[in-house]
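Given only the sequences and the hints, what does the whole structure look like? Please build it.
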Amino acid sequence: MTYSQNWDLDSIFPGGVNSPELAQKLELLKAQIKNFADAVTNYVVSNDDADFTNFVNLTTQGQTIEAGLLQVNVFITALISDDFTNTTLSAKASVINALEASYAKPSSQFKKLLATIDNTTWTTILALPTLQTIDFALNEMRQEANELLDDTTEELLTQLSLDGLNAWSSHYDTIAAGLTMPFTDENGETTTISAGQALNHLEGYPDPKVRANLLAGYENMWGQADGLVADTLNHLAGARLTNYKAHGVTDFLKKPLELNRMSQATLDTMWQVVSDNKEMLTKYFARKAQLMGKQALGFQDIYAPVHVGEFTSKDLSYDDAAEFIMDNFAQFSPKMAALAKTAFEKRWIESENRPGKQPGGYMESVPELGESRIFLTFTGSQNDAATIAHELGHAFHSSVLTDLPFWRGNYAMNVAETASTFAELVVNDAKVKAATNDAEKVTLLDAKLNNPVAMFMNIHARYLFETKFYKLRQEKVLTPDELSTLMDEAQHEAFANSLETYHPHFWASKLHFYIDNVPFYNFPYTFGYLFSLGIYAKAQSTDNFEDQYIALLRDTANMSTEELAQKHLGVDLTQPDFWQAGADLVAKDITEFLALTEQFVS
Numbered sequence: 001m002t003y004s005q006n007w008d009l010d011s012i013f014p015g016g017v018n019s020p021e022l023a024q025k026l027e028l029l030k031a032q033i034k035n036f037a038d039a040v041t042n043y044v045v046s047n048d049d050a051d052f053t054n055f056v057n058l059t060t061q062g063q064t065i066e067a068g069l070l071q072v073n074v075f076i077t078a079l080i081s082d083d084f085t086n087t088t089l090s091a092k093a094s095v096i097n098a099l100e101a102s103y104a105k106p107s108s109q110f111k112k113l114l115a116t117i118d119n120t121t122w123t124t125i126l127a128l129p130t131l132q133t134i135d136f137a138l139n140e141m142r143q144e145a146n147e148l149l150d151d152t153t154e155e156l157l158t159q160l161s162l163d164g165l166n167a168w169s170s171h172y173d174t175i176a177a178g179l180t181m182p183f184t185d186e187n188g189e190t191t192t193i194s195a196g197q198a199l200n201h202l203e204g205y206p207d208p209k210v211r212a213n214l215l216a217g218y219e220n221m222w223g224q225a226d227g228l229v230a231d232t233l234n235h236l237a238g239a240r241l242t243n244y245k246a247h248g249v250t251d252f253l254k255k256p257l258e259l260n261r262m263s264q265a266t267l268d269t270m271w272q273v274v275s276d277n278k279e280m281l282t283k284y285f286a287r288k289a290q291l292m293g294k295q296a297l298g299f300q301d302i303y304a305p306v307h308v309g310e311f312t313s314k315d316l317s318y319d320d321a322a323e324f325i326m327d328n329f330a331q332f333s334p335k336m337a338a339l340a341k342t343a344f345e346k347r348w349i350e351s352e353n354r355p356g357k358q359p360g361g362y363m364e365s366v367p368e369l370g371e372s373r374i375f376l377t378f379t380g381s382q383n384d385a386a387t388i389a390h391e392l393g394h395a396f397h398s399s400v401l402t403d404l405p406f407w408r409g410n411y412a413m414n415v416a417e418t419a420s421t422f423a424e425l426v427v428n429d430a431k432v433k434a435a436t437n438d439a440e441k442v443t444l445l446d447a448k449l450n451n452p453v454a455m456f457m458n459i460h461a462r463y464l465f466e467t468k469f470y471k472l473r474q475e476k477v478l479t480p481d482e483l484s485t486l487m488d489e490a491q492h493e494a495f496a497n498s499l500e501t502y503h504p505h506f507w508a509s510k511l512h513f514y515i516d517n518v519p520f521y522n523f524p525y526t527f528g529y530l531f532s533l534g535i536y537a538k539a540q541s542t543d544n545f546e547d548q549y550i551a552l553l554r555d556t557a558n559m560s561t562e563e564l565a566q567k568h569l570g571v572d573l574t575q576p577d578f579w580q581a582g583a584d585l586v587a588k589d590i591t592e593f594l595a596l597t598e599q600f601v602s
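The letter at position 418 of the sequence shown is residue 418 when you use full-length UniProt numbering, and the numbering goes up by one with no holes.
The hints are simulated quantities; they were obtained by calculation from the structure and are not laboratory data. Please note: incorrect hints may appear among the correct ones.
[Unchecked claim] In silico BS3-like pairs for lysine-lysine, Cα to Cα no more than 27 Å straight-line:
(1) K254 with K567
(2) K105 with K30
(3) K294 with K278
What follows is the structure in structure tokens.
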């Protein structure tokens, strides 16, 4: 192989969890946090200090600490993802969590300090050349200060989160890491696989009978653990809602919307357009079921590959996937291609298919190195190649911000999913265009349509479930059966009653519901997908697109989502037109799929 499938973590901290450099970094961060706390406590706003040197130093200290905390957090998270069953790693993660908690108090005090500065002085401060690039972030912090409680209470809530919100999230990882199930392939050979391996098979295994048995086994595996998982979800949500209540927040969507810098009107409009466009996807499902010789698809079939005519899709090698991604990135952005090349060559990516790894995939920035690390499991499917492209899109987004201050790179999740989904679109579209015959094109179009299926249906189901769950959780603790019923109802609505089997324990199996630092982790994916469709359409008809694209990405942490769309795309996100234009692009693919497959079902 040309490219390694194992990532390089030693360049971050050599020697793993017991790295002396890691230990030194943790001690340094402890000292930096203490110094920052002292500096904030002793700071006095003075107009005599024309350059506000001490204030600028505070912003530098804060950004240095936050970049360092992210660095150590990325490292320990990578170790855990790599060796998911190694429970000894959680002890080091707890040390880092405690360190982050110790920073929360001076960080809160810094924000409150901002709120004490009069408007005239504040305008003067933001006009300083050294602070102009982070003025949006500073204004956000100043606004946030208005919702903070007294220092003692805020510190108590932060400390309680270590054994509350954070702990329940970690507890879910412990549960998932210990789950295994028997897996019987089409040859009748049975092996024991992890939850992560089961998920990979469920989404792409070619044999329909194996998939059906796999979903039943997967449901059973999670069903056996659903008591523990229900406790985890209930208490994680309960801890979050208690924190909201303490801050006078009764709307559980307020914080997710603020974190994504978007309005309720934008979110509602997006979901309305999604709901209005279900019919095109149910037609696609009906045709896909015909091609599979079924009356209707089961949940296990929605991402499964379609094979028609003489064409049978072949597994991709990792090297081939890498070369294809780089070649097609280059068609839109040489800088994207160069970033991907660096990621493959410098071993930023962990993709080996082996037991013991965490399910799913992600990208994390390594801020002090100006690099990224990408985690996934590559099995050779077309979907896996798209996943690599997706995560490389995230990495490219981070790369164009490395010359900016740390607080200028704190972009929201919804726009984060824009760059990743755009990269995925580039690769999926290229695969379809490269097809040599109708049968191959059908298979590749089907793979491309996995994205709208996920965004319009699967993610919608997650949003419907979470919305109903959080509303009910304000009143009571839900049983495993109640949670499964909520998920079953959400999936029926989101998939427009088009499936013959559903996945009621999806609430238990999906990691995204158990992430502690980002509430309502799911709806930003749909936003990012539809937003990226608009960008992709613009890219195909715009000269010098690369420069415009990078300009948009560099602004993602510098304004609201609505302002970003207006400035760079000239659209109003609170109106349905923009979202419908994205849905219309999906409809074109479905129309082509239906036309091409007519010959294979007649």
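Here is what the structure says about each hint:
1. Taking the CA atoms of K254 and K567, the gap is near 25 Å; set against the 27 Å cutoff, the hint holds.
2. Taking the CA atoms of K105 and K30, the gap is near 13 Å; set against the 27 Å cutoff, the hint holds.
3. A C-alpha spacing of about 21 Å is found between K294 and K278, which places the hinted pair at or below 27 Å, so the restraint holds.
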